[in-house]
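K.L.:
Below are the chains, spelled out letter by letter.
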Amino acid sequence: MRMDLIQPFIGSLDAVLAEMMKTAPRIVDLTMEEEGYRRKGLAASVSFKGEIQGRVILDMDPQAATQVASYLAGEEVDSAQPMVREAVCELANMVIGNAVTQLNDRGFQFKVFPPEVLTEEQCAAAGQDSEATILCFETPSGNVYLDISMQYHRRRSRERSTVAV
Amino acid sequence: MKQFEALTRKKDNQAARYLIVDDSVFARKSLAKMVESFGGQVAGEAGDGCTAITEYARTNPDIVLMDITMPQMEGIEAVERIVQEHPDARIVMVSSVGYQENILAALQKGARHFVQKPVKPDALYEIIRYVLNDDGVASPVHAGGERDR
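Protein sequence lines, in the order shown, are assigned to chains A and B.
Under my numbering, the first residue of the first sequence carries the number 544, and numbering increases by one thereafter.
Under my numbering, the first residue of the second sequence carries the number 757, and numbering increases by one thereafter.
Excised from the complex, chain A in its bound form:
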């Protein structure tokens, strides 16, 4: 997978978490997976379709998710509350929306769909169709994972025009 397509997601997660957790996350691991993704904590997925299509899973350790939920709610949130899952969805929406905006500004056009909370089974199924890049970010409240799976839906016209005949 091209790193220039992944970089906006890294930058976006970095910026959004830094705002919410008041500390910059650190990338501690990067792996490639071709089989199903095994969820580590609370996960949400956002799909996009267009010249590039795919999906990104945001997966957070419960403590990190609770911290983000408290930031978004503007008050302390109990880790057992269902709103913590909702917070992961909203964070996924922000991170992926911001990244997609950057990719769109570079000429890639696609439509983004609303985020969905993922169960363990849905996570495994979501990762079975294509190769994914999994990034692990370390924060003081626990790890945050980004599972990025993208593929070209069709070749961009600009690239087509540069192909030698």
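Honestly, the hints are just simulated from the structure, not real lab data.
Certain hints may be false.
Calculated cross-link-like contacts (lysine-lysine; reagent style DSS-like; alpha-carbon spacing at most 25 Å) [to be verified]:
id, chain 1, residue 1, chain 2, residue 2
1, B, Lys-758, B, Lys-876
2, B, Lys-758, B, Lys-785
3, B, Lys-865, A, Lys-654
4, A, Lys-592, A, Lys-654
5, A, Lys-565, B, Lys-758
6, B, Lys-789, A, Lys-565
7, B, Lys-766, B, Lys-789
8, A, Lys-592, B, Lys-865
9, A, Lys-583, A, Lys-565
10, A, Lys-565, B, Lys-785
11, B, Lys-758, B, Lys-789
12, B, Lys-876, A, Lys-565
Being a predicted model, the structure only gives us computed values, none of them experimental.
Since the structure of chain A is already known, use the hints to place chain B on it.
P.N.:
Quick look at chain B alone, frame taken from chain A:
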């Protein structure tokens, strides 16, 4: 949360009333807190574009804060429908997806402004102040910056 100088309607000096449209409960809650810190009042909430249209007609708000990516009906289509029925509607798009085509489409359909998530209260305050003053319907109680309570 930091408190701001209250934004009120010029016509009667009452608190500006807001309709908050977002499929995320969290986003609505967060925006509601910001609106209250601006001295505003939440007149209604909606989780999709269809509900936004009916809630607009029911509540007749001074400002709508509208997400773009939502189930059933997206924000841009909801803007078009609301503005067709209510040409004076003041709608601010609030979305994490902020690329040019989206912003342009929303503005062409009648939205007044755009703010990208995550929303910073200071930025939203300035945008709302601008939009409320845009057609002279409302303005801050006092000129000047924010205040801490």
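K.L.:
Against the structure shown, which of the earlier numbered hints fail to hold, in ascending order?
P.N.:
Violated hints: none at all, because every hint is consistent with the structure.
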